[in-house]
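Residue strings, one per chain:
Number of protein chains: 4
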Amino acid sequence: MGAINGEAFIQRIDKLGTEIWFDGAKINGLLSEHPHFKGILQSKASLYDLQHDPNIKEEMTFASPKTGEAVGLSFLQPKSKEDLYKRRKMIQHWAAHTNGIMGRSPDYLNTVLMSFASSAELLRNQKNCFPEHLIKVFENARDRDLSFTHTFITPQVNRSQVYIENSKLPIAAKVVGETDQGIIIKGARLLATQGGLTDEVLVFSVGRFLFNEDEAFAFSIPSNTKGLSFICRDSFLGGDSRIDHPLSSQYEEMDSIVVFDDVLVPWERVFYYNNGDAAEEFFEECSFHAFAKHQVLIRQIVKTEFILGLSQVLIETINVREFQHIQEKMSEIIIGLETLKALLERSENNAALDQWGYMRPDVTPLKVAGTLFPKLYPRFMEIIQLIGASGMITLPTEKAFHSDIREKLDLYLQGATKTAIDRVKVFRLAWDLSMSAFGTRQTQYERYFFGDPIRVASDLYKSYPLKTHTDKIGKFLNLD
Amino acid sequence: MGAINGEAFIQRIDKLGTEIWFDGAKINGLLSEHPHFKGILQSKASLYDLQHDPNIKEEMTFASPKTGEAVGLSFLQPKSKEDLYKRRKMIQHWAAHTNGIMGRSPDYLNTVLMSFASSAELLRNQKNCFPEHLIKVFENARDRDLSFTHTFITPQVNRSQVYIENSKLPIAAKVVGETDQGIIIKGARLLATQGGLTDEVLVFSVGRFLFNEDEAFAFSIPSNTKGLSFICRDSFLGGDSRIDHPLSSQYEEMDSIVVFDDVLVPWERVFYYNNGDAAEEFFEECSFHAFAKHQVLIRQIVKTEFILGLSQVLIETINVREFQHIQEKMSEIIIGLETLKALLERSENNAALDQWGYMRPDVTPLKVAGTLFPKLYPRFMEIIQLIGASGMITLPTEKAFHSDIREKLDLYLQGATKTAIDRVKVFRLAWDLSMSAFGTRQTQYERYFFGDPIRVASDLYKSYPLKTHTDKIGKFLNLD
Amino acid sequence: MGAINGEAFIQRIDKLGTEIWFDGAKINGLLSEHPHFKGILQSKASLYDLQHDPNIKEEMTFASPKTGEAVGLSFLQPKSKEDLYKRRKMIQHWAAHTNGIMGRSPDYLNTVLMSFASSAELLRNQKNCFPEHLIKVFENARDRDLSFTHTFITPQVNRSQVYIENSKLPIAAKVVGETDQGIIIKGARLLATQGGLTDEVLVFSVGRFLFNEDEAFAFSIPSNTKGLSFICRDSFLGGDSRIDHPLSSQYEEMDSIVVFDDVLVPWERVFYYNNGDAAEEFFEECSFHAFAKHQVLIRQIVKTEFILGLSQVLIETINVREFQHIQEKMSEIIIGLETLKALLERSENNAALDQWGYMRPDVTPLKVAGTLFPKLYPRFMEIIQLIGASGMITLPTEKAFHSDIREKLDLYLQGATKTAIDRVKVFRLAWDLSMSAFGTRQTQYERYFFGDPIRVASDLYKSYPLKTHTDKIGKFLNLD
Amino acid sequence: MGAINGEAFIQRIDKLGTEIWFDGAKINGLLSEHPHFKGILQSKASLYDLQHDPNIKEEMTFASPKTGEAVGLSFLQPKSKEDLYKRRKMIQHWAAHTNGIMGRSPDYLNTVLMSFASSAELLRNQKNCFPEHLIKVFENARDRDLSFTHTFITPQVNRSQVYIENSKLPIAAKVVGETDQGIIIKGARLLATQGGLTDEVLVFSVGRFLFNEDEAFAFSIPSNTKGLSFICRDSFLGGDSRIDHPLSSQYEEMDSIVVFDDVLVPWERVFYYNNGDAAEEFFEECSFHAFAKHQVLIRQIVKTEFILGLSQVLIETINVREFQHIQEKMSEIIIGLETLKALLERSENNAALDQWGYMRPDVTPLKVAGTLFPKLYPRFMEIIQLIGASGMITLPTEKAFHSDIREKLDLYLQGATKTAIDRVKVFRLAWDLSMSAFGTRQTQYERYFFGDPIRVASDLYKSYPLKTHTDKIGKFLNLD
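Residue numbers (UniProt numbering), protein chains in the order written: chain A, 1 to 480; chain B, 1 to 480; chain C, 1 to 480; chain D, 1 to 480.
Treat the hints with care, as some may be off.
Identical copies look the same in the list; a pair holds intra-copy or inter-copy alike.
[Said to hold, decoys possible] Listed next, the in silico DMTMM-like pairs over lysine to aspartate or glutamate satisfying Cα-Cα at most 25 Å (straight line):
| id | residue 1 | residue 2 |
| --- | --- | --- |
| 1 | Lys375 | Glu345 |
| 2 | Lys467 | Glu322 |
| 3 | Lys399 | Glu33 |
| 4 | Lys86 | Asp362 |
| 5 | Lys475 | Asp49 |
| 6 | Lys168 | Asp83 |
| 7 | Lys86 | Glu345 |
| 8 | Lys375 | Glu328 |
| 9 | Lys475 | Asp410 |
Hints were generated in silico from the structure; no laboratory data involved.
Produce the complete structure using the sequences and hints provided.
Put into C-alpha cells, the structure is as follows:
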C-alpha cells in the first residue's frame, strides 16, 4: 500500500464512522461532506497528494524497510545527518503547502510515533511494558500511511499545585480494569486537535504519577473503537468564502475532548500501563522532544515567513514603509525569523547518534526555540494589528463586491498600490490570521504548544549545563 | 418630549428607513428585527429605559432650560463641579449597564455635541461659520433626545506622510458645490461606529487643510438624508445564544463607511465649511477633548472593573490563585484600574471654568489616560488568555448542554468551584471579550480610540508644560 | 528646644562619637569633617535650616502639644485633611531642597516614628509590650528634633523560602538575655541607610516569627550606645567637585550593617520584645504603611519632576526633540509623573480617620504607587541613557576646563544650545543620576524601597477587595 | 619581527610619547606606569603574550605571506571556511582571556584593517583614492604587529536631522589644505576607545557627504604624529584592588576625543580623501561589516557566557534557585546565549567568497545579532541586579577584611554556600559589571556598538530581502 493520496485518505476517514459530537448532535453522514469538516479534510487530502506530486515525490517518500514500497518520509528513522536533512526538506514541503498554518499536518504525529518507536528499547524488560507492540503499531502506521491525533492532557478541573482528584467517577482517563483481552479505560482526555478526523488516536501520559499510577499508560487505537467518542468544541470556521475567510475555510482543525467510556484497549495495542516510573522515564529520555521539536520548529519558520510576507504586503498596500516605528516592528519579525532559522541549523549541526543509532537533533537549541516562539508569535500578531490599524476593521464581505455598491467599494477602499478587492483580500487575511476566532485560537495554540510557558522556561534553566560557566567565575575570582 | 425610553427609540429608528448596505444587500424591513442589528438596538433601547428607571431617573435627567422637560443629563452643559460630578454619575450608570462594553452608548455622542455647542463662540464672526446653527442643532437634539454617530476620518488609501489625493472622483468627502439651499458633499468618510443605527450623523473635520480646504467642514444631518448611505463591514455577531456569545449577541455595534453621493446639506445644518483655519482652531480649542475624554475614561474604568472581576472569576474557577505569576498579572490589572481612577479624580479636582463659563475637567490627566489605556487594554486581554490557557479553547456550545452528552460535559468540564455549565459560561465570556472576532475588534477599537498611539504619545509630550522643570535644572547647575 | 537648625544638628552628631567603621578603620575625629561624610551632613544641615527659613517656617513647624515650642511638622499627628495637606506641603519643601535625591531626609523617619506612636494603642495590654515607652520616645524625639535611621532586615545569608538559621553565634540580631535594666541584643541587622549619621537608631521587626520569636522586638537607642557599631559599605562618593559629581558630592548617604555586640537596651526604650504575634499585628495594622508611603510618594514625585526636567534639558542640549522615539520616551516619563500625582491625590481624597482619631491617607493608591515606581524608576534611568547616547561617556573633568585645552573643549564639546561647560554640566548630572556608582545605588534603592518587587505585587493582589467585581460577573452570567 | 609579546608592546607604546591629556594635565612619564593606564596596558600586554603561549601559539599566528614570520592570526585574510574557523578560534582565545570584557582587544582593529585591505580594489581608479597605500599600511601593521584605535564619529553638537555645521573653526575634522607632502586635517573626532594607547589611529568616514565632502577621507597615522592629541574623559578606574574593582582595575579602556591641529597626513598614509561617493561606496560594500561583526559577536558570546556563569554563582551564593521568577530570568540569559551562538554558526555556515576571493561570513545573521545584543545586554545587567537585590549594595572594601572587624564580616556576610570574603568577591564582580561607573559605561558601549539602535533596526529592515515572501502572499491570495 505505502504512501496514500488524498482520495484514499478521504475514503478511509469517511468509512470509519467515528463517534463525533458537534454542536449538540452526533455526526451522521460522510465526514468529508460535513460543512464544518470538509475544509480541513480537503486540505489534509491535498497534503497527501503532495506525496504523489512527481516534482517532489522523491523528497516525500522512502522505501519501507519491510515492504519496499514508497512510504511517507515522515516515518523515516534517521540514522545520519543526510537522513535528518531529508526529513527537514520533507517537513518544509508539508509546511509550505499550508504556509505553516495547519498545526497538525500528518508529519507531526508521524514524527511523534517514529520517535516513540525509535526509543522503544527504553521499555524493554520493564513491568507492564511492551516495546514490541509499539514497534508493530509504528510499522503498521508507516506501511499503511495511517493518520493520528494524540492526547496527553488531563481535564483542567483544578490547576492548583496540590490538587488530588476525588470525584467518584473518573474524570481524568484511568485504567479501571484489565481482562485477558486488554485494559479498560474510563474517563476523559483533552484536548485532541483534529480528534475524530484521523485513523487512530495515540494516547500517552506526561508528568508525575506518585498518587495516580492508573493514569500512566500509552497505547494507540482506531478512532472508531467501541466506547470512544469525541466531543468537539464550537467551530471557528467563519464561512466558505476564500476571500472572507481565507484561513478558517481551509484550516479550521477542530479540537475535541476524547471520552473513554469503558473502552477496551487490546493488549497488542498497549505500549505500557500502570507503571509511573517507566512512563516518566520513557517520556523524559525518548527522542520525542528532539524530533517533535524539530518538526515544529520547521513549520514555525515557514509560518514566520508567511507572517513576514504578509506584514510587508500590508505595509505596501497602505504605504507606511517610511515610518520608523513600522521599520522597527518589521525588524522584530526579521530578528525572530533569522533566530529561528539559526537555532534550527544549530540543532542539526550538533545532531548526534543516540544509544540506539538514531540521529537526534541537538535538543537544546530546539528547546530555546520552543521557549521563544510562544513569546514571538503573539507579538507578531500584535504587530500585524498595529500595522493594519483601522484597516483591520474596514472589512466588507465578498458578496458586497458582487452587488450594486461594487463601484463605491472600488473607489473608496482602494489601497496605495492595490485595487479595492485586492486590498480587502490582504486585510481579510491579516484579520483571519490575527483577529478572527480562528486566528486567536492559533495564537493560543502556538503559545501553549509545549505547555505552560512559565514551566517551559523553568525547564530550560533546570536542564541547561552551567558548571563550565560557574567554574570560570570561580577561577577568575580565586574562590575557595 | 424630553428624554425618551427604549420603545420610542426603536420606533424612531425603524421609521427612518436609512439606506444601509449589509453583506451585499440593501436592508429592507424593520432594522430592529434584522438578525444582525436587533441585538445592539435592544441593548441601546435598554439604555434609554434607564432614563425612566425610578431609582435613578433623578440622576439621569435634568430640566431642559428651554422646555423645562426632563431631558438626558448627558446633554447638561456643566457650570460647576457639582454639575461635573452629576455628569460622572450619569455616565457611570450608562456604562455599568453594559459593563463598559458598548463603546458608543448614547452619552458619548451627546457629550460630543454638548461640547461643540458649548464652544460655539469660537466660530463667531468667522468666514463660512454659523455658531447659531450648531447651538440650534444641539438644543433640538437635547430636547428631542436624538441619537448620533460621528465620522471624521478619511479613507485609508495611503498613509504616507506626504500623500496628496489625485483621484478624479473625490475619495475623501468634499464640498463639491454650493446652492442657496446648502452645500453639496461627495465622497466617503470612515469609519462610523453604529453608522446607520442613529437618528443623525455628525460630520466634522480633524487635521490640517493646507491643500484641501474643501475637506474642512462640519454639520449634522438625519441618517435618512437623500444621497447618504452606510456600507457595513462584515458582522462580528457570533450568534443569538447568550451563553455562547454573551457579548456579541448584545453589543455588536457595527462600523460603516459613510458615503455621500451629492448630498445636499441644508444651510441651517452647516456649522462651518471651506475654512481650514477655523476648523483647526475649533477642534484644537473647543471643549471636545476635555468632555469626550472624561466620558471615555469613566466608561473604560467600568470596563476595567469588569475585566478585573472576570479575571478573578477565571482564577477561582480553575483554582490558580496560588501561582505567583498569576498574582503578578492580577496586580497589573489592579495597578491599571487604580491609575485610571486616580487620573479621573485628578481631572475633576483640577477642573476649571473655561472662557464661556463651562466647567472643563483638566485635560492633561485625561490625555495621560488616553495614552495609557491603548497599551493597558491589549495587555489585559493577553492576561485573560494567559490565565485561561487551554480553557479558552475548550468551548462546547450551549446546544451541547441540551443534548445526550450533557452528563459527560457535566463531569469532565466541571471547574474547581463551578459546575460545568457555569465554567463554560465563564470561559465563553472570557473568550468573547478577548478572542472572538467581536472581542478583537474591541481591542482594536480601544487601541485606536483617540487615533494612532504613536501620535497620541507625541502630542502628550508636545503639549506638556516643561519650563518649570527645566528651569529647576538650570538653577541646580547654575547654567548660563 | 524644638525644631533645630543645621548648626545644632552638626554639633550634636559630632558630639556623639558613634562607633563607625569605614574602609577598614574606625572613624576618629569629627564626623562632619570626614571626607566621605561631610557632604551628606552638610546637606542634612541645610535641610534643618529650612525649618528656620522665614518664608516657609510656618509651613515647616507647629506648636508642640507638650512644650508649645515650634517643632518639626513631620512629627505632626494629623487629625484632619487639613493636617494631611500641611504634611504634604512640608514634605514637598524637604524634598524640593534635594530634588528628591536624598532618600532619607529627616522627615521620612520622623514620619515613621509618628505613625508608630499614633498606633501605640495596638500594644496596650499585650505581653511584653510597652506602648507608653513608644509614646515617650516619640515625644522626646519631637520636642528635641532628634534624627533617626531604622533597620528591619536580617542578613541575606540564604534567601531560600525554607531557610532556618543554624549558626552557633547569632547572625540575625536576637534577644540573648534580659536583666532588670533591659534586654540584651546580639547579632546584626542590615542595611541602615545613614546608619551612624543620626542621633538614634530605630530597630523593629517585620515578618513572621513562628520559629524565632527572639527576633521579634522593637526599640530605639542612641547611636553611641555601648556595644553598638556601624560597618559602612564602600563609599560611592565620586569626589568633591560639584561639576564632576553634582549628586554624590552632596547626597551620598552611606548604608551600614548595624552590629549589636551584647547591647543593653534599657526597658524604657523597649516597645515590645519576644512576642511574635504582637509584632506581626502591630506592623500589619499600624499606620506606618499609610504615612510612610505618603511621604515616600511625595518625594518620588519631586524626583520624577527632576528627571523630567533633566531629560528635557538633555534633549535641548543636543537638539533631538524632533525624533519620534524621543517623544515617545518623554511621554513615558510624563505618564509616570501624572500617574504618581494622581495616585497621591486619590490617597488624600479618600483619607479617613482611623480608630484612634488620626487621618490616614488611603493606603491602596499608595500601594499601587509603591508597586509602580520600582518599575518606572529604572526605566527612567534607561531613558536618560538612551537620550544622552554617546554623550553620557564624553565626560572630561572640571580640571580640564581649567587647563590649556579649555579652548578646544569649548569648541568641540559645545551643544546645540549650550556652551561646552554647560553641556558637560548637564551630561555629568545625567551620568551621576543614572550611571555613576552613586546613581546605580539609587536605582537599586528605589527598586527595593518597600521590599522584593515580586512580593510587593503579590501583596497588592492579595489585599485588594475583589468581591464587588466578581459578584457583577456572577450576576451578568446568572451563575449559581 | 612578526607577532609581538606583551613586553614589546609596552616598550613600543611607552616610547611613542603620544600627546594625551588627562584630568587637565598632559601626561608625562611612561604611560605604562600611569595609575590610570597601567591596568589596561598590562591587560593588553597579557593578550599579546597569548601569541607566544606554547599551548595555543599555533592557533594564534600564521606565516606572513611576505616575510614568512609568524604574525597575528587576526590579520589573516580568510580564503576558505577553514580560515574562517581559524579566525573564530583565535578570536575566542583573545576574548576568553578577558571574558569578553575588553571591547577593543587588538584583534578587533586588526580585523577592521584586514577587511579594509581585502576590499581595497573598490578604490581602484577612483578620484583621490589610493588602494595601494591601504594595502601597504595593512601589510606593515601585520608584519610589525602594530596596534590601532579608530575614530569615525563627528562631535555630537546637534543631532537634529537637518543640522549643518556653521562654526567658523572646523568642529568635525576636515581637510583644510593639501601640500605635496600630504593633506592637512583640522578639527575633532570622537570617541576613540583606547585613543592614545595604540601605535596608530585609523581614521575613516561613515555616512553621507552631500554638503561636506571635505569630511570624506580615510587614513592611518602614528599616534604621536605632530598636531595630533587625545583628550581623555574622566577615568572609570575604581581603584587597584582586584577584590574591590575586579574589572575596572584591569579593563578600564578609556575613551578620548581625537584632536587634529593642522595635522599633516603624508600621502602614503592617505587611502582616500575629498570623494564622498567613493567613501560611501567603500564603507557600504567593503567586508568591514562582515568581518568586524563576526569578531564582535564572538566576543559578545564569550561575555554572555561570563554573565551566565556569574548569575548562576550569585544564585548559588544566596540560594534563590527555587524561585520561579529567578528561573525565568535565567532562561532569558540562556535564550540569549544560544541565540547568539546559533546566529554565529549560521553566518559561518552561509559564508561565501566575495568578488576578490575572500571568505565572508554571511552578514545577515551578524546584523541580526548586532540588533539584538544592544537590547539583550542591558537586560542582562538588570537581571544581575534583580538577582543580587540588596546584596549589590552591601559591599565592604578589601581593607575591611584586613582589619579588626574581619570576624564580624565573616559571620554576618557569609553566603549560603560561600565564606564572607568569597561572597563579597562575587557581589563585587556583579557590581563592577553592572553598577559601577566602569560597568555602566560598558552597558552604553554595547548598546551603541554599531550606532543608534533605532537606526540599526531600520537598516536591518531596509536591507532584508522580502520579495520571495511577499510573492507567496500574492500567490496565496491570487492578487493581481
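Exercise. If you check each hint against the structure, which ones fail?
Worked result: As far as the earlier hints go, only 6 is violated by this structure.
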